[in-house]
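Spelled out, the chains give:
2 protein chains.
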Amino acid sequence: MSSATSSSLNLTKLPTRAPRGMQKEHIAAELKRLRQELAELQNCFYAENRHSLLIILQGMDASGKDGLIRRVFSGINPQGVQVHAFKEPTDEELAHDFLWRIHQHTPRRGMIQIFNRSHYEDVLITRVLGLVNAEEARRRFSAINAFEKLLQQSGTTVLKFYLHVSQEEQLERLTERVTDPSKHWKYEAGDEQKAKQWPQYQAVYEDVFEHCNPASCPWHIVPADQNWYKAYVVALALRDALLKLDSKYPEHKADRPK
Amino acid sequence: MSSATSSSLNLTKLPTRAPRGMQKEHIAAELKRLRQELAELQNCFYAENRHSLLIILQGMDASGKDGLIRRVFSGINPQGVQVHAFKEPTDEELAHDFLWRIHQHTPRRGMIQIFNRSHYEDVLITRVLGLVNAEEARRRFSAINAFEKLLQQSGTTVLKFYLHVSQEEQLERLTERVTDPSKHWKYEAGDEQKAKQWPQYQAVYEDVFEHCNPASCPWHIVPADQNWYKAYVVALALRDALLKLDSKYPEHKADRPK
Chain A
1 MSSATSSSLN LTKLPTRAPR GMQKEHIAAE LKRLRQELAE LQNCFYAENR HSLLIILQGM
61 DASGKDGLIR RVFSGINPQG VQVHAFKEPT DEELAHDFLW RIHQHTPRRG MIQIFNRSHY
121 EDVLITRVLG LVNAEEARRR FSAINAFEKL LQQSGTTVLK FYLHVSQEEQ LERLTERVTD
181 PSKHWKYEAG DEQKAKQWPQ YQAVYEDVFE HCNPASCPWH IVPADQNWYK AYVVALALRD
241 ALLKLDSKYP EHKADRPK
Chain B
1 MSSATSSSLN LTKLPTRAPR GMQKEHIAAE LKRLRQELAE LQNCFYAENR HSLLIILQGM
61 DASGKDGLIR RVFSGINPQG VQVHAFKEPT DEELAHDFLW RIHQHTPRRG MIQIFNRSHY
121 EDVLITRVLG LVNAEEARRR FSAINAFEKL LQQSGTTVLK FYLHVSQEEQ LERLTERVTD
181 PSKHWKYEAG DEQKAKQWPQ YQAVYEDVFE HCNPASCPWH IVPADQNWYK AYVVALALRD
241 ALLKLDSKYP EHKADRPK
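Keeping their order, the protein sequence lines are chains A and B. Its first residue numbered 1, the first sequence is counted upward by one per residue in my numbering. Its first residue numbered 1, the second sequence is counted upward by one per residue in my numbering.
A portion of the hints provided could be inaccurate.
Identical chains blur together in the list; that is why a pair holds if it fits in one copy or across any two.
To be verified - Below, a list of computed lysine to aspartate or glutamate pairs in the DMTMM-like style, where the Cα atoms sit at most 25 Å apart:
hint: 1; residue 1: Lys253; residue 2: Glu92
hint: 2; residue 1: Lys149; residue 2: Glu121
hint: 3; residue 1: Lys149; residue 2: Glu135
hint: 4; residue 1: Lys196; residue 2: Glu176
hint: 5; residue 1: Lys194; residue 2: Glu136
hint: 6; residue 1: Lys149; residue 2: Asp91
Simulated from the structure, these hints should not be mistaken for lab results. Note that the structure is predicted; figures quoted are calculated from it, not measured.
If we strip away everything but chain A, and leave its shape as in the complex, we get (with noise of 0.2 Å):
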């Protein structure tokens, strides 16, 4: 995993998938490890009730989000966890500033929340559609730098991954979505319009990567054409976070801070 802390980034230059030398059957095995530790560090977590954690992930269209959040919460207990997927915006939406209905959805304290996609979006697809200027943009970079920051503040670890497949591994797994009967559900009209467009996204993804990249929340841009290993990497940095919080079990259900 590359943490995307230069000021201007070149996703061509960042790996697609795991070093050499790592196995997929010992990653594998470490994985299914990893999981049961994440189990208990968020069982303690959600007793405690005292911070919460905000889990981003983007990427390309058939980047895997969809997997890895299976592969890595899988052995968590639901009750603690929640998957908000942002889909094309409502009219109702619309009609308010592009941060509305992501606040909403913001974890409370004790919680997991995941986003499958999220705010970034204002500012990646709408940008290749010519609906966001580069000025409108930038407008947008503050924003949501300063509603990142609001959210640690209060408390929320803020965690953001972004899924860096390869354009030939996107290729074939978009293929796949219509050769595949069993992955026939994933395929969306517009696939292959936003797959021709891959030189736009991977530039908007940088120009995100170059702006909303401080060292207090920064980007993990994780090698994701091998299954097995992006859920290994994104489930590290997630043992990782928990760990620093370093919660206890409170004495009392009742010992809830205000």
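With chain A's structure known, arrange chain B on it following the hints.
Just chain B now, kept in the frame of chain A:
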């Protein structure tokens, strides 16, 4: 009305009464005329469905926020106006950042939203009660400024009014809550305690006017000892804000900008 744009503001130096020579009867007639104008402007603003308007009302206890809403807005189509009174936060609200519950009530396009008290309570009463220290207040000031900027950039006009009563007038009104049966219902336990803390409240208000008062989103300090004058001042500011938006009736109902 004074715009609180100086970097350090002394509330005791700002008037709480109408300028000498203003006559109640004359202003009352003016207000009546203004209300008609407001009703027409709001109708067009609503139909255009392009901008939104947020009115933030703050003031000491008994400064007359409820009465002001009645006096200024009673002629306006209630379909286009919403009032939200922010009370002591619930457990669920306290489990999120302080702007979480506020953001949910920001106005959609076409709407006028009135906040009867607001996110400013999170840097006012909370400070007097010692729940928020100066350092946390500074962080919240930044968050508030970024939040209001986000709203403005999304087409929301933000008007902030502080209803400025004198301590003498406040005491008189609080006494009436006890002695006048038609005002008993306004009495709240704690009224006396808060009245005793007048200097502390004035000090934290002054801090707000120093830190959350950009030229693009200033406070209006409204002399509020006389109900007739205060309503007139707010109605004038609202009229000016609506005129500035220069709303036009759209050609079709469906002509809604996205």
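Q) Out of the numbered hints, which ones does the structure contradict? A) none
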